[in-house]
Amino acid sequence: MSPILGITSSQLIGRLTSYDSIATQTVTGTGVTSVSFTSIPQTYTHLQIRASVRSNSVAAYDAFYIYNLNGAGVSSEMANHYIYGTGAAVGVNSYTAQFSSQMGFVPAANTLANNFGAGIVDILDYTNTNKNKVMRGLVGYDDNGNTSGSPFITFSSAYSVQLGTSAVTNLTFIINNSFAIGTKFALYGVK
Amino acid sequence: MPSTYEPIVTNTLTTTANSVTLSSIPSTYTDLVVVVATTTGGDINFRINGDTGANYSQTVIYGYSSFGSTKSTNATYNWLNYGSNSGNLLAILQLNNYSSTTANKTSIVRDAANGATSDVMAGLWRSTAAITSLTFTPPSTFAVGSTFTIYGIKAA
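Protein chains in written order, with this note's numbering: chain V, 2 to 192; chain Y, 4 to 159.
Since the hints were derived computationally from the structure, they do not count as laboratory data.
Treat the hints loosely; a few may be bogus.
Subject to a maximum C-alpha distance of 25 angstroms in a straight line, what follows is the list of computed SDA-like cross-link-like pairs (lysine to any residue) [said to hold, decoys possible]:
id, chain 1, residue 1, chain 2, residue 2
1, Y, K157, V, I175
2, Y, K157, Y, P10
3, Y, K157, V, S40
4, Y, K157, V, V169
5, V, K192, Y, Y154
6, Y, K157, V, G30
7, V, K192, Y, A159
8, Y, K157, V, K132
Using the sequences and the accompanying hints, generate a full structural model.
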């Protein structure tokens, strides 16, 4: 994978085991609005992305999304649903015909310093061309009651009509503002 | 080549215990996944690095005969399960970026128990120290056969 300004990337090249680290992207500069994994090997059964995310948005929190699967171009053909809790309220949201699917909420600049949201996104059977691909996200953070309307724990699912039954070869995560330095996305393959 | 996802320590109780501490966690992994399975009932909590100060907080989605969300602030521990359970608890605690020395520690717990809520929780330990130990404490004692396993995940 080619290095992108503001992101350090690494790949593991070696023997295939049951759970392999495929690549890691770490934000090291400013103005980074997307993180992509391309040319994903098709030799695993499932994918898992483990993330530690913070936004530079001048707000208490921000949302990050998955989009443009397989680099097929942005189209309004993603859907997602999620359950969220803030400690004060629990709710659900549902979206269709979107160009991206929300995975969850993460801390932003106006909440506690040094706080990062934790996220785990699973894509099961990602190479199976007989199944539509559903992405499951578990994302959350807490801020010790620092800000009204925050924090969040979110359980989400996302689906791309455009991707359909195609195998997943590319993934991109975006955020409303930009990713804070130290944000990390690690892609793993499960055999 | 070291394995990407491997068990670091497993503790299976052969006698009852007032608490269980898993210590000397190496800083060589990227994330930790902790799996706890116990027949012990009641509220079970966890602390990090032996910290008993009011440095914990947590946000919960829970569901049982009702559902909702609640949170704790300035607490002296985080929950491993929310709401008293009558036994047979399975909990998975995720600690991404646990060895960072610049970020506060965010945890995610999923748990389910007999006769209690199923929960998803996001927790915070307000410390940038790397996590080196975890202590689990029940309301009374952990039953014989309770298991505590830490897995380390190493990113490329």
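Quick rundown of the hints versus the structure:
Between Y/K157 and V/I175, the direct Cα distance comes to roughly 24 angstroms. Compliance with the 25 angstroms bound is thereby established for this hinted pair. Between Y/K157 and Y/P10, the direct Cα distance comes to roughly 12 angstroms. Compliance with the 25 angstroms bound is thereby established for this hinted pair. Of the pairs offered as hints, the one joining Y/K157 and V/S40 holds, with about 21 angstroms between alpha carbons and a cut-off of 25 angstroms not exceeded. Between Y/K157 and V/V169 the CA atoms are separated by roughly 23 angstroms; this keeps the pair inside 25 angstroms, and the hint holds.
Proximity of V/K192 to Y/Y154 is assessed by CA-CA distance (about 17 angstroms); at most 25 angstroms being required, the pair is judged to hold. Annotation: proposed proximity of Y/K157 to V/G30 holds, straight-line Cα distance about 23 angstroms (limit 25 angstroms). Annotation: proposed proximity of V/K192 to Y/A159 holds, straight-line Cα distance about 17 angstroms (limit 25 angstroms). In summary, the hint linking Y/K157 to V/K132 is not supported, as the alpha carbons are separated by about 30 angstroms, beyond the 25 angstroms threshold.
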